[in-house]
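Visitor: Make a model of the complete structure from these sequences and hints.
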Amino acid sequence: MKTLRVAAVAACVCVLALALAGCKPGVPSTFIQEDDMEDLLYDYHLADAMARAAKGDYNENIMAYRAAVLRKYGVSQAEFDTSMVYYMRHTDRLHAIYEHVAQRMQDDARELGSSSDDLAALTTTSATGDTADIWRGERSIALIPNQPYNVYSFAHTADSSFRRGDAFILSLQSDFIFQDGARDGVAALAVVYANDSVASRVVHISAAGPLTLTLDNPDSLAVKAVRGFFLLNKDNQANASATTLHLMALSRIRLFRCHPKPKAAAAMQPGAAAGQPADTMPRPDGSVPLPPPGHTGVPQLRQPTR
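If you use the working numbering, the sequence shown corresponds to residues 1 to 306, in order.
Rather than coming from a laboratory, the hints here were simulated on the basis of the structure. The model shown is predicted, which means the values in this text are computed figures rather than measured ones. Note that beta-carbon positions come from the ideal geometry of N, C-alpha and C, so glycine has one too. It cannot be assumed that every hint is accurate.
Derived Cβ-Cβ restraints for the label pairs, each shown as a range [as the list claims (entries may be wrong)]: (1) 146 with 53: 28 to 34 Å; (2) 151 with 93: 17 to 23 Å; (3) 93 with 59: 25 to 31 Å; (4) 26 with 179: 53 to 59 Å; (5) 64 with 164: 53 to 59 Å.
Distance condition first, Cα-Cα at most 25 Å in a straight line; then the derived DMTMM-like pairs of lysine to aspartate or glutamate [unchecked claim]: (6) 72 with 99; (7) 72 with 36; (8) 261 with 159; (9) 55 with 180; (10) 234 with 81; (11) 72 with 60; (12) 234 with 111; (13) 72 with 43; (14) 224 with 159; (15) 72 with 48; (16) 261 with 235; (17) 234 with 130; (18) 72 with 35; (19) 261 with 130; (20) 261 with 219; (21) 234 with 138; (22) 234 with 99; (23) 234 with 184; (24) 234 with 159; (25) 224 with 130; (26) 72 with 38; (27) 72 with 107.
Guide: Dropping the structure here:
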């Protein structure tokens, strides 16, 4: 009987835990629901691209296209703004929505053939080839100015596939959905060498488009680790709004490790004159050996005509 009671109590605890997990409060009906907000924000991204491609003033174009998006979903500007206030206070929900939007943006880019760019060909190499994509993180990420969703860090420790002199290329596609304020994203790449010296490069991102960061290794140093981060800074201007839409989406993220090309062996032996092979040097008796047939550096000797 005691065993049965213990089992019954354990079952009740499990049922209660499942019930509590399923009772996570949803978005109040007075605000735009998560699925609808995802679709709306995705169309906001399309509106931004259309406004940039259209003739005329961009600011006027974007206002017109965004107004059309709101009409499409039957949402007023006031309803959208109040919903954004709610989501900015619930950043976990907002970030989840942004992640879905970023993934859809990446899928669209792939369908449009964006993977046919020059760097894409490098991804076909194996992880042990001369050039390999060693990125292990998410291929697309979404950043908002609110902590902890404003930064994404990465680190790769060198393994047996790394060689002295390895160079690194970080490539990505950036997109923004901003209602207002300054766009200030950051991409940073750093390489830690075996002697603990560090080479780094930092780039600020303020517009949509492809981005490439390259770190060469001219001293042929051994690599200990590769690190970096992506960051979306908050607009700290006095008139900046804390409740409007600010999103930086990064997609097609790749980190290439490039082995150095082997240096060509010296073509001449020590003491040989430039452009002349060593076996044409005069011998102690003053004679000069014949060069190999077809050699252009020394005139060929002709047999005397009889």
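Visitor: All hints, please: hold or fail.
Guide: Structure-based check of each hint:
1. 146 with 53: 28 to 34 Å: The hinted range 28 to 34 Å holds for residue 146 and residue 53, with Cβ atoms some 30 Å apart.
2. 151 with 93: 17 to 23 Å: Roughly 19 Å apart at Cβ, these two residues keep to the hinted range, so it holds.
3. 93 with 59: 25 to 31 Å: With a Cβ separation near 30 Å, residue 93 and residue 59 satisfy 25 to 31 Å, so the hint holds.
4. 26 with 179: 53 to 59 Å: This hint is violated: roughly 25 Å between Cβ atoms.
5. 64 with 164: 53 to 59 Å: Holds - the Cβ-Cβ distance for residue 64 and residue 164, about 56 Å, lies within 53 to 59 Å.
6. 72 with 99: holds (23 Å)
7. 72 with 36: holds (11 Å)
8. 261 with 159: Distance ~19 Å between residue 261 and residue 159 Cα, so the pair holds.
9. 55 with 180: holds (21 Å)
10. 234 with 81: holds (19 Å)
11. 72 with 60: Distance ~19 Å between residue 72 and residue 60 Cα, so the pair holds.
12. 234 with 111: The hint is violated at about 32 Å.
13. 72 with 43: holds (10 Å)
14. 224 with 159: Answer holds: residue 224 to residue 159 is near 8 Å, not above 25 Å.
15. 72 with 48: holds (16 Å)
16. 261 with 235: violated (44 Å)
17. 234 with 130: Distance of about 40 Å is beyond 25 Å: violated.
18. 72 with 35: holds (15 Å)
19. 261 with 130: Status holds; Cα separation ~8 Å.
20. 261 with 219: holds (13 Å)
21. 234 with 138: Holds, at about 23 Å.
22. 234 with 99: At roughly 19 Å apart (the allowed maximum being 25 Å), residue 99 and residue 234 satisfy the hint.
23. 234 with 184: holds (8 Å)
24. 234 with 159: Cα-Cα ~37 Å, so violated.
25. 224 with 130: Between residue 224 and residue 130 the Cα gap is close to 18 Å, so the pair holds against 25 Å.
26. 72 with 38: Holds - the C-alpha atoms of residue 38 and residue 72 are around 14 Å apart, at most 25 Å.
27. 72 with 107: Holds, at about 23 Å.
Figure legend: structure checked against the earlier numbered hints; hints not met, in rising order: 4, 12, 16, 17, 24.
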